[in-house]
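Trainee: Sequence:
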Amino acid sequence: MVKSQKNSRIQSPDQEYLQALRLYWQNEKEGALSLLSERLADGKSQQPHLYYRLWIESLAEDQDESSLRILQRHIQRHINYQHPSWIGLYALTGLIHYELGELEAGRILQRKLERHTSDPYSRELSLVLGPELPDEDQLQIAKGMIKVTADYFVLRRAALLGVRLQDATFSRKVMDTLQDRIGESPLGAEIGFHKQFSVKQYRKAWQFARFLREVYPLNSQYQFYFAYTSYLIDRNRTALEEFLKLNRRAQEGDPDVLCMIGATLLQSGRKTMSDKLRKRSEYYLEKARLRLKSQGLPTDYPTELLLRINDNEDVPNSGRHWIVKLSAKQCYDLYQKPEHRIEYLHRAMGPYVKTGDVCMFVSESRVADNQDVGIWRLNAIYKALSDPEWHPTHRWQTILKLQMRMEVSIPLEIEGNQKERLPDDGPHRYGLYEIDDSAMVWIEDSVRTFTLDDQAFVQVFAELKLARSV
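Each residue of the sequence shown is one higher than the one before, starting from 537 at the first, in the numbering used here.
Calculated directly from the structure, the hints in this document are not laboratory data.
It is possible that some hints are incorrect.
To be verified - Cross-link-like lysine-lysine pairs, in silico, DSS-like; alpha carbons within 25 Å at most: (1) Lys736 with Lys890; (2) Lys829 with Lys890; (3) Lys829 with Lys815; (4) Lys865 with Lys736; (5) Lys861 with Lys873; (6) Lys829 with Lys861; (7) Lys865 with Lys829; (8) Lys740 with Lys890.
To be verified - The following label-pair restraints were derived from C-beta to C-beta distances: (9) Ser756 with Glu638: 26 to 32 Å; (10) Ser654 with Gln715: 22 to 28 Å; (11) Gly789 with Ser901: 27 to 33 Å; (12) Leu833 with Gln612: 46 to 52 Å; (13) His927 with Gln599: 46 to 52 Å; (14) Lys812 with Gln715: 24 to 30 Å; (15) Asp981 with Asp671: 53 to 59 Å; (16) Glu925 with Gln555: 45 to 51 Å; (17) Glu564 with Gln737: 40 to 46 Å; (18) Ser756 with Glu949: 20 to 26 Å.
Where a beta carbon is used, it is the ideal one built from N, C-alpha and C, also for glycine.
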């Protein structure tokens, strides 16, 4: 009897809402919003909150700030504080503040709703704008949030929280609830895709992406997932077809798609690159680079690929040399990955390493102190192909090309306590130590002694010696 009373509190969503959701999943947002506005205008809907929440999500994804503000004012005008529905509507205006980046304004509304814990939108607002809570408290809020709602986006937030907190039981419960109240949705496949992609299981991620592409063929985001994972598993023909379709849809305005077309063409010709293929790849990569530059975004990835095309042998050594210290994990990755995966690196090295600088990648196997001699091991030699470029996420980024990876790391003896002499700021923050000619001569002698004058090493250091003499 108690169960039936609980279920009676959950009103099944209107067919029009489900239809609008399907349009949204297909990326037909204009059709979805048209249906929503018609339904809200006739005043017959008993679930306006569902419609408004879908409207907010659609506008936020398109970054349509002006329309979000108009919608916020519209909702505020329709709040009746004499009716219990005001709580959910009030929380929705707080969610709009969140989407607009107006966090403090949203928190003011969230604090006013703290005692209205039975409303799912009030709970959702407390999750995104409330104080930082322990994982268990967040789960408790989410569990209460899903009890009395048929809103797809509320249920989606709860499911994603369960995934983030690695609570498989709760995630399954939310997905079952979503199935019961909404029916089939792309959320399960989306979660599967991101889980597999995050652990670099690209073939499994590709299977989820293929399902999403087939079921929701008009959704450009799912199409990009499918194209990109096809590229990662060397299905280059499929990847190129999908990226070209995306490029036509975006009217050649999406730099990520332009860049991936160039990358796919380059990968297709990895064994035998014809002049025609090279020119096509260069065309798309240069267009992507210019588009990114015009938008104030990092251009390091297309720049690296353009350097690969041009073989970058004309980048002269600058005569400057750096020691780059690696962690144990970085050293392990350097040896485990195939050479074509480490041939080019994007590394945060501050504003210090410039085009033509040579970087000696070393690991520290024994720390030097006043009584003992430390041991560094030379693992690889790289050359900088670009000046540092600012990246909004990874800070400074420099493109490096592998000159030589040592089959066996070469020991270098270091005397004295190095750490006591390091300043708090400068290149040492990035694990960098600029070395002078005398240090380079010492490194050359150490390498020559260890390798017994191996000609491969002799040639590398002969080029470095020539650069220093200029």
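Trainee: Does each hint fit the structure? Answer for all of them.
Mentor: Against the structure, the hints come out as follows:
1. Note on Lys736 and Lys890: the hinted pairing is violated, with a Cα-Cα distance of about 32 Å set against a maximum of 25 Å.
2. For the hint pairing Lys829 with Lys890, the CA-to-CA distance comes to about 20 Å; that is within 25 Å, so the pair holds.
3. For the proposed pair Lys829 and Lys815, the alpha carbon gap of about 21 Å is at most 25 Å, so the pair holds.
4. Under the criterion of a C-alpha separation no larger than 25 Å, the hint pairing Lys865 with Lys736 is consistent with the structure, at around 17 Å.
5. A distance of roughly 18 Å separates the Cα atoms of Lys861 and Lys873; the hinted pair therefore holds under the 25 Å criterion.
6. The suggested pairing of Lys829 with Lys861 is violated, with an alpha-carbon distance near 31 Å, which exceeds 25 Å.
7. Distance check on the hinted pair: Lys865 and Lys829 sit about 34 Å apart at the alpha-carbon level, beyond 25 Å; violated.
8. About 40 Å separates the Cα atoms of Lys740 and Lys890, which puts this hinted pair outside 25 Å; it is violated.
9. Hint check: Ser756 to Glu638, Cβ distance near 28 Å, so the stated range 26 to 32 Å holds.
10. Checked against the hint of 22 to 28 Å, the C-beta distance between Ser654 and Gln715 comes to roughly 24 Å, which is consistent with it.
11. Between Gly789 and Ser901, the C-beta spacing of about 51 Å breaks the proposed range 27 to 33 Å.
12. Our hint of 46 to 52 Å for Leu833 and Gln612 is violated, since their Cβ atoms are close to 36 Å apart.
13. Distance hint for His927 and Gln599: a CB-CB separation of about 21 Å, inconsistent with the stated range 46 to 52 Å.
14. Take Lys812 and Gln715: their Cβ atoms lie about 50 Å apart, and the range 24 to 30 Å is violated.
15. Under the hint 53 to 59 Å, the C-beta atoms of Asp981 and Asp671, about 55 Å apart, fit the expected range.
16. Checking the proposed 45 to 51 Å range against Glu925 and Gln555 shows it holds: the Cβ atoms sit about 47 Å from each other.
17. Take Glu564 and Gln737: their Cβ atoms lie about 31 Å apart, and the range 40 to 46 Å is violated.
18. Separated by about 57 Å at the C-beta atoms, Ser756 and Glu949 break the suggested range of 20 to 26 Å.
In terms of the numbered hints stated before, the structure departs from hints 1, 6, 7, 8, 11, 12, 13, 14, 17, 18, listed from lowest to highest.
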